[in-house]
Each structure stands twice: as structure tokens, then as C-alpha cells.
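Trainee: Just so you know, the protein sequences line up as chains D and U, in that order. Remember, the numbering used here sits 17 above the position in the first sequence when you count from 1. Remember, the numbering used here sits 17 above the position in the second sequence when you count from 1.
Simulated from the structure, these hints should not be mistaken for lab results. Glycine residues also receive a C-beta, built at the ideal position from the N, C-alpha and C atoms. Incorrect hints may have been included.
[To be verified] Which stretches of chain D does chain U cover? Using the computed rule of at least three CB atoms under 8 Å from a CB of chain U, they are:
#1 160-168
#2 191-205
#3 238-245
#4 249-260
[What the hints assert, rightly or not] Pairs of lysine to any residue residues, derived as SDA-like cross-links and limited to a Cα-Cα distance of at most 25 Å, are as follows:
#5 K220(U) x N194(U)
#6 K155(U) x S203(D)
#7 K92(U) x R122(D)
Spelled out, the chains give:
Number of protein chains: 2
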Amino acid sequence: MVTKHQIKLIKSLAQKKYRQQLGLFAVEGIKGIEEFLDSDFKLQYLYTTKPIFNAPKHLIVEITDAELKKISSLKNPNIALAVFHIPKAKAIKKDELIVALDDVRDPGNLGTIIRLCDWYGVKDLVCSANTVDCYNPKVVQATMGSLTRVNITYMNLNEFILSSETPVFGTFMKGENIYNAELPKSGIVVMGNEANGISDSIKKQIERKLTIPQYGENQKTESLNVANATAIVLSEFRRRIIET
Amino acid sequence: MVTKHQIKLIKSLAQKKYRQQLGLFAVEGIKGIEEFLDSDFKLQYLYTTKPIFNAPKHLIVEITDAELKKISSLKNPNIALAVFHIPKAKAIKKDELIVALDDVRDPGNLGTIIRLCDWYGVKDLVCSANTVDCYNPKVVQATMGSLTRVNITYMNLNEFILSSETPVFGTFMKGENIYNAELPKSGIVVMGNEANGISDSIKKQIERKLTIPQYGENQKTESLNVANATAIVLSEFRRRIIET
């Protein structure tokens, strides 16, 4: 059974303010919950209609379908909702390939970028303070468990870039053709906001401007979706290592 | 002024059933509307609070902010909403690079895939009947005008593939490393459903199974988002031509 107090607490986790106050966030869906249980993340409570999970018994709360519906943020809740503690970010490994997001606002974009980082072995994702919160339920959902394997740090991007010694890359309409560019194993790849791209203050710090070339006669597309651009950029950085 | 009848009609266009019955769809936002006005799409009516658009005067309906709010599907409507006629799909150019979607359901994914096709000069996108409708307001929004430059055909994918003579490609966890694969200028690239990938009947028709290699020690990611995978695959097909 889930108490009124618990329902109120869980529902409040849809808002960043309460996630930060309480240091907690929610995960839904069997696969996602299993990935978090299987990671370093610490479980607070697991609410489920079917206790099929490998979790400490005293943290499992059996609930009814009606109760799950009350606490879930999904249209079609799936068996369980787990509440985990938000961990402290670990130290950033500065001599590796790092993705830095300059005010990415869409939860789906952030979620799939986290999956891309996981796929391409990018261990650190650095987000500007105005980037959407990675514990937002829609982000957690879109990451499909990759959130457990990528270290995410929110901080002032200008300060982060100033403090780092590896080359800084960004994509622009006019720049070096990414397909022929020499790309190192380590560096910072900055990806910008959905509507405005990379902000002016960050732009000044970018040493290598890259372009994803368009193809065909009809080059009227003004931009790619930021997650799709990240996919192509990370693919290019890693291709050079995987190919040889 | 917008009549009650018009409000009802415009709101009904949020649903596929009514879009198909009426042969109409809605576009919002200045840039999107300008791209459609600048294309072969035929305007029915343009409802706007600021008549700044290059459209026939008798098709422009001046409305108030309150009226725009009533007809808009956006939280923050932006100056105008235009209703266009759904065009007939043109004949597919079978000897070029074609993307085929096997039940892609998320409007954001379809929208950004249309943008990718536009970016990489893919003129034809073929969608299975269960793929989300490309005139869904969220798809239209996500395409950022690219919908005017990509020919989209909904049909039985099995029949389409059977009727075509170019090689058929798909991405799988185990396949040929896409970075080293020989990829031709023309062919069909099949991308699968968000949860289930490519369906069994289509799988049998795929001649070239490609893999986007993961990088690093920690290869636990099960899949990439379908739009991000499309980005990487199209990038690889076009890189081979752009590079040389």
C-alpha cells in the first residue's frame, strides 16, 4: 500500500525544485528500473504490482494497479515505479572525449544524447545550468538506462572550458568539413541550444569549427536536430579510431 | 475574425481521421508557414494576428491573440496558423537513395528524420501504414519546413521493397561494420520501430545488414534512438560521395 504522503512525494518529483530539495528522482518501466538496480544508484523505495525485481525486500512496496496509476507520470504505467537517490557527480575525466551541452532544453534530446554518449564511450557529459535536468522523468525515460553509465555534471560551461586543456570543437554552418577533418581521441564537443545554437560567449572559446556537409542541389535545410547532429559528430570522432 | 465553425474545423485537424477526411493540415509558427507558402503546397486559409506574410489577400484572416489561442495546438502560439491542402504523393524515384520507415511511431522522430532526409538529399521517404502521420502537428513542427522538400509516401513496405530493384539495407546489432562497408549511391535504407526494430517480414528482405559499432569497454547500450541511428547511417552513405 502507498500512503497519501508517499503519493504526494512521488508526484512532486516531476518538478526539478522538489527533486533537488529531496535529492530523489523516479524511474518507470521494468527495463529502466532493472538497469538502475544493477548500477551504483541507491534505491529509496520500489513500488510495484508484481515483485519480480532483484531489490532488498524492505525497500519493496507492493501496490495495486490503481495505486500505480496514481503515482505514475505515464499514460500506461508498466508494473513499477522506483525512487532513487540523486548521486553526487563524480570528477570529470578531462583527458577524454567530453560532450558539453549549451542550454539544450528538450528532454527527449537530452535523453537520446545521453544514450549516444553511452554508445560511443563518452564518459562525461557537461551541461550548462540552463540545460534541462537529467532527472526529469522524460529524460530518464528517453535514456533507456544509459543514465547509469554516463557521468553528468551541471556547471558554468565557460568556466569548464577555460579550466580544460583539450581542444574545443563545435558545429557551425561554415566550418571545416567534418568528414575530412583530423579529429583527436580527446577534446570537448560543444552542442548548442535547439533554437539559438551555441551562445556567443562559448563561441569565442571554440578552436575548431566543424561543418556537417549537406548533400544534393537543394541545400535549404537550416539546421539538424541537436541530437541528430550529436550522433553524426560522435560517429565521426569514433570512426577514426574504430576504422584503423 | 474566426467563426465557431472554423475553430471546430481547425481543432479537428489535430486528429488524423479528420485530416484525411478534409484533406487539410495545420502549420504554426512564422518560419514554418513561410516555408510552406514558398513551396508547392496550396494554402486554404492563413489566420494571423499580424499580416506580415506573402500570401493572397483573400486567403488571409486577421484574428486576435485570443482567437489564435483558441485554434492553436501550441502552449505559446506564435502570430499565425495556416491551413494547407494535403498534396498527393508524387511518384517515387526508385533509382536514388530512399529511406523506408517500418512503423516509426514517435512524431518527434519522424519529424527529425524528415529533416535528415532533406539535409542529406534523400528525396523520397516511404512509410509503412502504421508509421505516424507526417501531417500530425508535432511532426510538422519538428520538420522545420523540410516537409516541403521531401516526398513522403505511405504504403505497404513489403510490396514497395519487392517492387524495387536497388539493394536493401538495415541496421542490426550484428552486421557489417558500417564504417568500412561499401555503400552505393542508391538503395533503400530501412529503419525500424522504436521498441521492436525492423519487423520479421521486412527483415527477410534485407540484403545488407549493417552495424553502427559501439566504442569503449562498457558496451551495454542496447540500441540508439531511431532518428539518431538514421542520422549516422545517412551520414555514412553520403560521406563516401562527399569525401571523394
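Trainee: Indicate, hint by hint, whether the structure satisfies it.
Mentor: A quick look at each hint next to the structure:
A stretch counts as covered by a chain when three or more of its residues have a beta carbon under 8 Å from one of that chain; for the stretch 160-168 of chain D and chain U the count is 4, and the coverage holds. For the stretch 191-205 of chain D, the proposed coverage by chain U is satisfied: 3 residues have a C-beta within less than 8 Å of a C-beta in that chain, meeting the threshold of three. Check result for the stretch 238-245 of chain D against chain U: holds, 7 residues qualifying (beta carbon to beta carbon below 8 Å, three or more required). Coverage of the stretch 249-260 of chain D by chain U holds [criterion: at least 3 residues with CB-CB distance below 8 Å; count 8].
Distance check on the hinted pair: K220(U) and N194(U) sit about 18 Å apart at the alpha-carbon level, within 25 Å; holds. Using a Cα cut-off of 25 Å, the hinted pair K155(U) and S203(D) is violated, with the two alpha carbons roughly 37 Å apart. Restraint check: the Cα-Cα separation between K92(U) and R122(D) comes to about 16 Å, which is no more than 25 Å; the hinted pair holds.
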